[in-house]
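2 protein chains.
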Amino acid sequence: MSKVEPRTLPGFMELLPNDQIKFNSLVDKIRKSYEKFGFLPLDTPIIEMADVLLAKAGGETEKQIYRFNKGETDLALRFDLTVPLAKYVCEYNNDISFPFKRYQIGKVYRGERPQKGRYREFYQCDIDIIGDGELSIVNDAEMPSVIYTTIKEFGFDNFTIRINNRKLLNGLFAELSLEEQSVEIMRIIDKLEKIGKDNVVKCLQDLNVANEKIEKILNFIEIDGETDEKLQKLENLNFTNELFLQGLSELKEVVKYVRLFGVPDTNFKVDLTIARGLDYYTGTVYETFLNDYRELGSVCSGGRYDNLAEFYTDKKMPGVGVSIGLTRLFSKLSELNILKEKDESISKVLVVSMTDDISRALEVATKIREEEINTDVYLENKKIKAKFKYADKLKIPYVAVIGEEEEKNGTVSLKNMETGEQEEMSIEKMIEVLKNI
Amino acid sequence: MSKVEPRTLPGFMELLPNDQIKFNSLVDKIRKSYEKFGFLPLDTPIIEMADVLLAKAGGETEKQIYRFNKGETDLALRFDLTVPLAKYVCEYNNDISFPFKRYQIGKVYRGERPQKGRYREFYQCDIDIIGDGELSIVNDAEMPSVIYTTIKEFGFDNFTIRINNRKLLNGLFAELSLEEQSVEIMRIIDKLEKIGKDNVVKCLQDLNVANEKIEKILNFIEIDGETDEKLQKLENLNFTNELFLQGLSELKEVVKYVRLFGVPDTNFKVDLTIARGLDYYTGTVYETFLNDYRELGSVCSGGRYDNLAEFYTDKKMPGVGVSIGLTRLFSKLSELNILKEKDESISKVLVVSMTDDISRALEVATKIREEEINTDVYLENKKIKAKFKYADKLKIPYVAVIGEEEEKNGTVSLKNMETGEQEEMSIEKMIEVLKNI
Numbered sequence: 011m012s013k014v015e016p017r018t019l020p021g022f023m024e025l026l027p028n029d030q031i032k033f034n035s036l037v038d039k040i041r042k043s044y045e046k047f048g049f050l051p052l053d054t055p056i057i058e059m060a061d062v063l064l065a066k067a068g069g070e071t072e073k074q075i076y077r078f079n080k081g082e083t084d085l086a087l088r089f090d091l092t093v094p095l096a097k098y099v100c101e102y103n104n105d106i107s108f109p110f111k112r113y114q115i116g117k118v119y120r121g122e123r124p125q126k127g128r129y130r131e132f133y134q135c136d137i138d139i140i141g142d143g144e145l146s147i148v149n150d151a152e153m154p155s156v157i158y159t160t161i162k163e164f165g166f167d168n169f170t171i172r173i174n175n176r177k178l179l180n181g182l183f184a185e186l187s188l189e190e191q192s193v194e195i196m197r198i199i200d201k202l203e204k205i206g207k208d209n210v211v212k213c214l215q216d217l218n219v220a221n222e223k224i225e226k227i228l229n230f231i232e233i234d235g236e237t238d239e240k241l242q243k244l245e246n247l248n249f250t251n252e253l254f255l256q257g258l259s260e261l262k263e264v265v266k267y268v269r270l271f272g273v274p275d276t277n278f279k280v281d282l283t284i285a286r287g288l289d290y291y292t293g294t295v296y297e298t299f300l301n302d303y304r305e306l307g308s309v310c311s312g313g314r315y316d317n318l319a320e321f322y323t324d325k326k327m328p329g330v331g332v333s334i335g336l337t338r339l340f341s342k343l344s345e346l347n348i349l350k351e352k353d354e355s356i357s358k359v360l361v362v363s364m365t366d367d368i369s370r371a372l373e374v375a376t377k378i379r380e381e382e383i384n385t386d387v388y389l390e391n392k393k394i395k396a397k398f399k400y401a402d403k404l405k406i407p408y409v410a411v412i413g414e415e416e417e418k419n420g421t422v423s424l425k426n427m428e429t430g431e432q433e434e435m436s437i438e439k440m441i442e443v444l445k446n447i
Numbered sequence: 011m012s013k014v015e016p017r018t019l020p021g022f023m024e025l026l027p028n029d030q031i032k033f034n035s036l037v038d039k040i041r042k043s044y045e046k047f048g049f050l051p052l053d054t055p056i057i058e059m060a061d062v063l064l065a066k067a068g069g070e071t072e073k074q075i076y077r078f079n080k081g082e083t084d085l086a087l088r089f090d091l092t093v094p095l096a097k098y099v100c101e102y103n104n105d106i107s108f109p110f111k112r113y114q115i116g117k118v119y120r121g122e123r124p125q126k127g128r129y130r131e132f133y134q135c136d137i138d139i140i141g142d143g144e145l146s147i148v149n150d151a152e153m154p155s156v157i158y159t160t161i162k163e164f165g166f167d168n169f170t171i172r173i174n175n176r177k178l179l180n181g182l183f184a185e186l187s188l189e190e191q192s193v194e195i196m197r198i199i200d201k202l203e204k205i206g207k208d209n210v211v212k213c214l215q216d217l218n219v220a221n222e223k224i225e226k227i228l229n230f231i232e233i234d235g236e237t238d239e240k241l242q243k244l245e246n247l248n249f250t251n252e253l254f255l256q257g258l259s260e261l262k263e264v265v266k267y268v269r270l271f272g273v274p275d276t277n278f279k280v281d282l283t284i285a286r287g288l289d290y291y292t293g294t295v296y297e298t299f300l301n302d303y304r305e306l307g308s309v310c311s312g313g314r315y316d317n318l319a320e321f322y323t324d325k326k327m328p329g330v331g332v333s334i335g336l337t338r339l340f341s342k343l344s345e346l347n348i349l350k351e352k353d354e355s356i357s358k359v360l361v362v363s364m365t366d367d368i369s370r371a372l373e374v375a376t377k378i379r380e381e382e383i384n385t386d387v388y389l390e391n392k393k394i395k396a397k398f399k400y401a402d403k404l405k406i407p408y409v410a411v412i413g414e415e416e417e418k419n420g421t422v423s424l425k426n427m428e429t430g431e432q433e434e435m436s437i438e439k440m441i442e443v444l445k446n447i
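From first to last, the protein sequence lines stand for chains A and B.
Read in order, the letters of the first sequence are residues 11 to 447 in my numbering.
Read in order, the letters of the second sequence are residues 11 to 447 in my numbering.
Isolated chain A (complex conformation) (with noise of 0.2 Å):
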């Protein structure tokens, strides 16, 4: 018969066992996280409607979908967790309580040319707090305590949120009548880090921004201290353009409120450089670097949106979220070699028959099993080496050895895998050995 070659498409992350539970692990922790703040799990289709999916997106977003037909369906798998969760505030509008905060952590699809790092396929982990009408700005500083403790549950400490507020920058343009320039203006200081200050002077004069404007902007942009700091400086700048008033007001709301929702000051701080996706957020936003390791880029981001689901109905609806992009979070904390997940089994323990007969080994394991531990039990009637290795290879921290001799004295030999000590011992003994791994 001629064979299929089994392979797996490019930009689709497929793990090893040992990788799988790690990212599990991490994905639990976001879970556990998540529901620590009282988000509500949500899991919408992987497949929507085209005109439903699309309803928003253009450009960049709408090349990059897989699109297709099934009969006379115009079909399209989703790019992102916000539309599908747009689309559905709009249709149990009825049965959803608001604020709707809900979570969801799941697969989404982007056809990009495939290059180290991207993914066609990953996953994201959203969090979203939907208003009906109108949403507090305390809303916006429960984001970061959320980002806080799950990246503290990553197990990193040195990490920094760094917290803007867009109206601030367009109140600023608005100040030097640049609010025409403003898309431009606000993607080149989003690159100051990258390129430089001189860059981006020269950016900007490209753009014909006069230059006694193009220093006030980076007066504003260059604005350092400690948070408070820099929240006074901001004032006694003493613009008077509302919209920079409202974000000021705003940013210091939300700096108040992080604290009492109980993030440290030595993980968040306001970067006035922060601008985010162009067209989408209108006030708050947020990035969250890893000290250490710059180079991965923001492992957290969101903002505040006006308007979630104006595609869909008149209803106002004002949000507030982040997200976590797993799969190449995963992937460059497993090329850097932090992650602080260890090798981990999902067994506790194998339990290995020494002879032919597998009987006993097969009631000891039901026995540990009932005390809810995770208990696999080698049934091949292979050489006892390559029961060894497939308790190495699996990370199983003991193998439970049960010889003509633990089975007439209704024992088992409990062998440490790490140590390589080997002990007689009860069975209820060995039981709470495992108890305490």
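Keep in mind that the hints were calculated from the coordinates and are not lab data.
Be a bit skeptical, because a hint or two may be false.
No distinction is drawn between identical chains; accordingly, a pair holds when it is met within one copy or between any pair of copies.
Unchecked claim - Subject to a maximum C-alpha distance of 25 Å in a straight line, what follows is the list of computed DSS-like cross-link-like pairs (lysine-lysine): (1) Lys42 - Lys445; (2) Lys243 - Lys395; (3) Lys279 - Lys377; (4) Lys377 - Lys42; (5) Lys13 - Lys73; (6) Lys403 - Lys325; (7) Lys352 - Lys42; (8) Lys405 - Lys39; (9) Lys393 - Lys403; (10) Lys326 - Lys397; (11) Lys350 - Lys126; (12) Lys66 - Lys80.
Given chain A, work out where chain B should sit, using these hints.
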């Protein structure tokens, strides 16, 4: 602006949060049970090369598949988790350990005509054990043990795992020189419970099976009694067909080991009418029924197959596995109102402020979260009634009210939403109450 109507495709399950919590609880229970037996997690892409996915398919499956091009590439969405497993074990053959025990819980896609209880996107929850060249029959006995643990975890007691071995049926047909009609005959036998004995006889007569052979077939499938009695009666048939004898020997071994794996006789039995999928399984087969709700059909089925990956490789890889179709099962259990999952909220408590200043509420919420207790805070400036209504709709069991008095005293007034009782207490006392839920 013209609006797009937000809508979800027919045949795609989308749940409200309270139901999603219950669904996730079932997923958690399945995962826990599978891991208890040492199965390793796996996550494969939803999109695969069409030729890889369809190497084996044909007929109905191929018609139902979601298949499309992206650029030049012929792609398809997975329609089960077995083909991706076959691909995986071939692709990573040198990196994984055999026997390879894996579980996968994920969505699969079949573009069936939509009808009640049929889904186009649905979760399958699979376990399989794959051998490298050979696989001990004891593995066939582990499956009922996993099924037993999982269904018990779901909260059901009155269920029966029905076990058969297809070699018995195939051996019987050989004994009766009916090999060539075996597929049709099995299909008829499989319907015994549905259409009744008389109709089975009629169908067999229509197939031109001689009456004395029909009688022998009926005698066989009507063998009754307790498990050991049945096995004895099968023995007493004194068939000499080798396949039959092999099937009988396997079935006896499976029964022996199923008991050692801790499955009580009340929850499994030998059922000679179970045939399952007609060309895939080669030995042991399983179906599982909730005895009080036979109308659900089998809630967990599977079997032994000789060769997982013959379309990709010449390597022989026998396996055994079972699967739960969770989307359909959840929908049916909900419909019958027999889900054992109670209404449960994500948050154990909602903190609300009676004053305009939310600060104290945030501090208190942060303290509760530090104790690993899921906590929501109501952040909007709404009337107190709206806040309680929110807790009520989300089924949050406790509301911690903070007014001027409580703020002054450093306390909360904790209201039990079920009993309506409210009591002022210290933060520590409240945490104790919440931990004991």
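Hints, one by one, checked against the model:
1. Taking CA atoms no more than 25 Å apart as the test, Lys42 paired with Lys445 passes in both settings, with 23 Å inside one copy and 16 Å between copies.
2. Taking identical chains as interchangeable, the C-alpha atoms of Lys243 and Lys395 are never at most 25 Å apart, the minima being 70 Å within one chain and 42 Å between chains.
3. In this assembly of identical chains, Lys279 and Lys377 lie within 25 Å of each other by CA distance solely across copies; the values are 23 Å between and 53 Å within a copy.
4. For the identical chains of this complex, Lys377 and Lys42 are inter-copy neighbours only, at 17 Å across copies versus 30 Å inside a copy, given an alpha-carbon limit of 25 Å.
5. Taking identical chains as interchangeable, the C-alpha atoms of Lys13 and Lys73 lie at most 25 Å apart only when they sit on different chains, with a minimum of 22 Å there against 34 Å within one chain.
6. Taking CA atoms no more than 25 Å apart as the test, Lys403 paired with Lys325 passes between copies only; the shortest distance there is 22 Å, against 56 Å inside one copy.
7. In the homo-oligomer, the alpha carbons of Lys352 and Lys42 lie at most 25 Å apart both inside one protomer (19 Å) and across protomers (20 Å), since each shortest distance falls under that limit.
8. When the C-alpha separation of Lys405 and Lys39 is checked against a cutoff of 25 Å, the pair qualifies both within a copy, at 21 Å, and between copies, at 24 Å.
9. Proximity of Lys393 and Lys403 under a CA criterion of 25 Å is satisfied intra-copy only: 16 Å inside one chain copy versus 59 Å between copies.
10. For the identical chains of this complex, Lys326 and Lys397 are inter-copy neighbours only, at 21 Å across copies versus 62 Å inside a copy, given an alpha-carbon limit of 25 Å.
11. Taking the closest pair of Cα atoms, Lys350 and Lys126 come within 25 Å of each other only inside a single copy of the chain (22 Å); across copies the shortest separation is 46 Å, beyond that limit.
12. For the identical chains of this complex, Lys66 and Lys80 are neighbours both inside a copy (22 Å) and across copies (22 Å), given an alpha-carbon limit of 25 Å.
Checked against the numbered hints given earlier, this structure breaks only hint 2.
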